[in-house]
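Can you build the whole structure from these sequences, using the hints too?
There are 2 protein chains.
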Amino acid sequence: MKLSKNRNPVVPGFKAVGLSCGIKDKNTKDLALIVSNVPATAAGVFTKNRIVSPGVTWSRNALSKSKFCRAIIVNSGNANTVVGPKGFEDCDAITKLVAEELSIPQKEVLIASTGVIGVPLPSHKILQATPKLIQSLGRSQKHWTDASEAIMTTDLVSKSDKVSFDLKGHRIVIGGMSKGSGMIHPNMATMLGFLWTNAVIDSKTLKLALIEATDRSFNRITVDGDSSTNDCVIVLANGEAKNPTIKPNTSGYGEFLKALTKICKNLASKIILDGEGATKFVTVCVQGGKTRKQAYLIANSVATSSLVKTALFGEDPNWGRIYCAVGNAGAPFNPEKVDILLNKNLLLKNGCPTNLSPKKLEKAMRQHEINITIDLHCGKEWEEVLTCDFSYDYVKINAEYTT
Amino acid sequence: MKLSKNRNPVVPGFKAVGLSCGIKDKNTKDLALIVSNVPATAAGVFTKNRIVSPGVTWSRNALSKSKFCRAIIVNSGNANTVVGPKGFEDCDAITKLVAEELSIPQKEVLIASTGVIGVPLPSHKILQATPKLIQSLGRSQKHWTDASEAIMTTDLVSKSDKVSFDLKGHRIVIGGMSKGSGMIHPNMATMLGFLWTNAVIDSKTLKLALIEATDRSFNRITVDGDSSTNDCVIVLANGEAKNPTIKPNTSGYGEFLKALTKICKNLASKIILDGEGATKFVTVCVQGGKTRKQAYLIANSVATSSLVKTALFGEDPNWGRIYCAVGNAGAPFNPEKVDILLNKNLLLKNGCPTNLSPKKLEKAMRQHEINITIDLHCGKEWEEVLTCDFSYDYVKINAEYTT
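Protein chains in written order, with our numbering: chain D, 1 to 403; chain G, 1 to 403.
In case anyone wonders, no lab produced these hints; they're calculated from the structure.
Quick caveat: nothing in here was measured; it's all calculated off a predicted structure.
Hints may be right or wrong, so weigh each one.
[As the list claims (entries may be wrong)] Result set (EDC-like, lysine to aspartate or glutamate): computed pairs, CA atoms no more than 20 angstroms apart in a straight line:
no.	chain 1	residue 1	chain 2	residue 2
1	G	K107	G	D202
2	G	K48	D	E336
3	D	K107	D	E89
4	D	K86	G	E336
5	D	K48	G	E336
6	G	K86	D	E336
In structure tokens form, the structure reads like this:
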């Protein structure tokens with residue numbers, strides 16, 4: 001699929017590095033570190049799967065104990081999940097060494113892993129590489145590219161981005177990177193998102209903004225409907241912009257949230273564009289909803305329907321499948337008020353087919369970007385879920401992952 | 001896949017027919033009729049999709065108005081769904097003509113449709129064929145085979161079965177047929193089930209038994225997780241066995257329920273065995289549950305996971321995906337108590353990998369029948385969901401359905 005360009009994610013006061021420590025073979029990068037020069041306020045959101053990686057537990061605990069964070073260490077190639085007590089012991093040992101080498105408190109080091117589950121983490125390789133990792137930290141775009149490459153698993157391309165805006169004369173910059181492709185988040189391909197900004201914002205407000213932003217971005221993408229044991233999105237704010245502290249319910253918060261949502265949505269879209277075997281970039285928008293929940297349930301039902309996704313791959317104008325998925329969402333609505341549009345072609349008006357010419361519809365289906373809009377005409381709430389189609393290659397990639 | 005043999009579903013007092021009325025081309029059978037010689041008690045269960053076919057509304061209303069039913073007319077090739085007011089008018093006209101020709105009340109005629117949605121039903125073809133349909137009714141196995149073939153859509157084979165048992169010296173027989181393959185129930189391939197028995201049982205008790213039986217059979221199968229707008233299961237009981245009337249909470253009810261569940265499960269299994277592109281017959285059993293709901297949510301999460309299903313197709317011993325789907329079910333459980341078995345091989349004990357030899361596991365994955373057992377060790381409830389794997393052919397069949 002057509003991929004969007006990665007913007008240089010450099011933000012003043014942050015350093016990064018990515019290298020190979022030997023978890024993956026062929027010298028493939030598999031270890032990344034992000035470091036803030038000063039203690040940064042921090043917030044994270046984590047997977048809702050009831051089975052979680054020890055790394056998720058570690059980072060969640062660290063964020064509850066300390067409002068600050070200095071470093072995030074991330075490995076790919078192994079999820080460090082479902083491996084017994086060794087999993088948590090490894091998190092302890094790794095974060096301890098990183099903290100020692102950086103001369104910072106251990107609770108200010110977060111950790112994340114992605115890769116195959118059930119295989120013990122070769123933590124000695126990470127420990128062995130840690131001194132070199134820290135020596136190699138740097139501020140250049142190359143360093144950030146290396147870091148974003150080191151967190152990839154089945155991803156075909158690395159994913160990074162940057163946004164900026166002026167807040168009362170201060171230039172606020174937010175950089176970020178993400179990974180995930182067989183999605184959300186197959187076979188522990190896991191979705192990871194990391195963000196860093198020079199804004200002055202307290203950790204509580206940062207958490208609020210992160211939740212709002214992820215609920216319009218990372219939490220609204222789906223490739224195959226599964227949530228990994230390792231998913232997380234973490235944001236650090238080092239305050240170097242010296243803006244007046246951003247507080248909830250202010251115009252400054254609104255602007256920060258808008259920028260954070262934008263970069264999260266860009267990074268989430270890159271995941272969809274890199275979806276396993278994907279050939280279409282699909283936006284399912286439900287508008288005219290009575291509640292956000294109703295709109296979300298219906299958008300999600302359409303975006304996760306295997307029947308809709310295979311029809312999109314086949315460029316098959318089978319709108320009946322879309323409507324059927326609307327009915328399957330488990331949310332109430334009035335079937336006689338529903339309109340469905342595909343790339344601005346009205347397929348269904350008040351729940352009845354418009355008998356659009358099949359030729360026109362087939363032409364619309366051939367587009368690379370597909371926008372499905374469902375108007376419930378019963379309120380003003382909306383939700384958008386991004387997804388991709390389901391292709392032969394999706395089956396191929398996923399049938400042959402560990403073997 | 002290896003298909004199970006169809007048993008002759010003939011039951012005394014019932015006649016059937018199946019023929020081509022021209023909805024499908026190439027003289028393919030597309031119209032079936034089942035008739036009871038005498039008014040039969042009747043019960044039905046219908047799709048939970050919020051968009052329903054007028055046929056579903058018609059039959060649901062008819063069953064609420066009359067406890068008896070004499071005839072069920074079923075067409076394939078067109079779902080008569082999302083077609084505006086004409087859909088219900090067609091149901092009225094067709095059931096009216098069938099009733100006139102059979103000299104029975106219109107409310108004792110039920111109707112069901114399966115096929116593509118959004119295309120007006122060519123009801124004139126059904127009306128034109130109705131006299132011939134009724135003249136051709138018969139009791140032979142051939143007649144039932146024709147009927148079961150006439151309700152097929154993407155099904156590769158027709159599906160029928162019979163069970164019997166003795167109730168206080170009376171031989172009770174239950175026959176049935178089903179359809180559905182791209183499932184549950186893609187692109188309106190729709191799941192339909194029809195059952196007929198000579199038992200004496202009142203309609204209220206029959207409904208109770210049908211709900212219990214379908215909750216252990218038709219409602220526990222999944223190919224792709226979608227529910228059609230047209231799904232229904234209907235049972236008729238003509239009383240010709242002259243047994244003492246079956247009443248709830250009696251041993252007779254228990255035996256009837258057991259037999260009804262057995263035939264429903266057989267007919268549901270045949271749908272899985274005929275699953276679109278399926279190469280594996282998969283049973284996901286969750287046992288040791290605190291509640292049936294918990295067990296069901298977890299079994300269903302595993303059985304509907306695209307990642308699990310593609311791994312099964314690829315014979316990839318990636319048990320991490322199974323465990324991840326358990327965690328994604330949205331039901332509480334204790335991860336430290338979970339055991340997972342695959343064809344009797346213990347993969348996970350108390351939430352930790354058993355490090356089974358990959359060779360042994362790969363051998364188990366090569367079996368045609370896969371039994372995944374998840375023991376939660378927190379109670380006595382269980383649920384079983386039947387499914388199949390996700391293959392290249394699934395994508396192929398579903399990418400090219402209407403085009």
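How the hints compare with the structure:
1. G/K107 <-> G/D202: Distance ~18 angstroms between G/K107 and G/D202 Cα, so the pair holds.
2. G/K48 <-> D/E336: 17 angstroms, holds
3. D/K107 <-> D/E89: 15 angstroms, holds
4. D/K86 <-> G/E336: 15 angstroms, holds
5. D/K48 <-> G/E336: This hinted pair holds, its Cα atoms lying about 17 angstroms apart.
6. G/K86 <-> D/E336: Holds - the C-alpha atoms of D/E336 and G/K86 are around 15 angstroms apart, at most 20 angstroms.
Hint compliance for this structure: no hint is broken.
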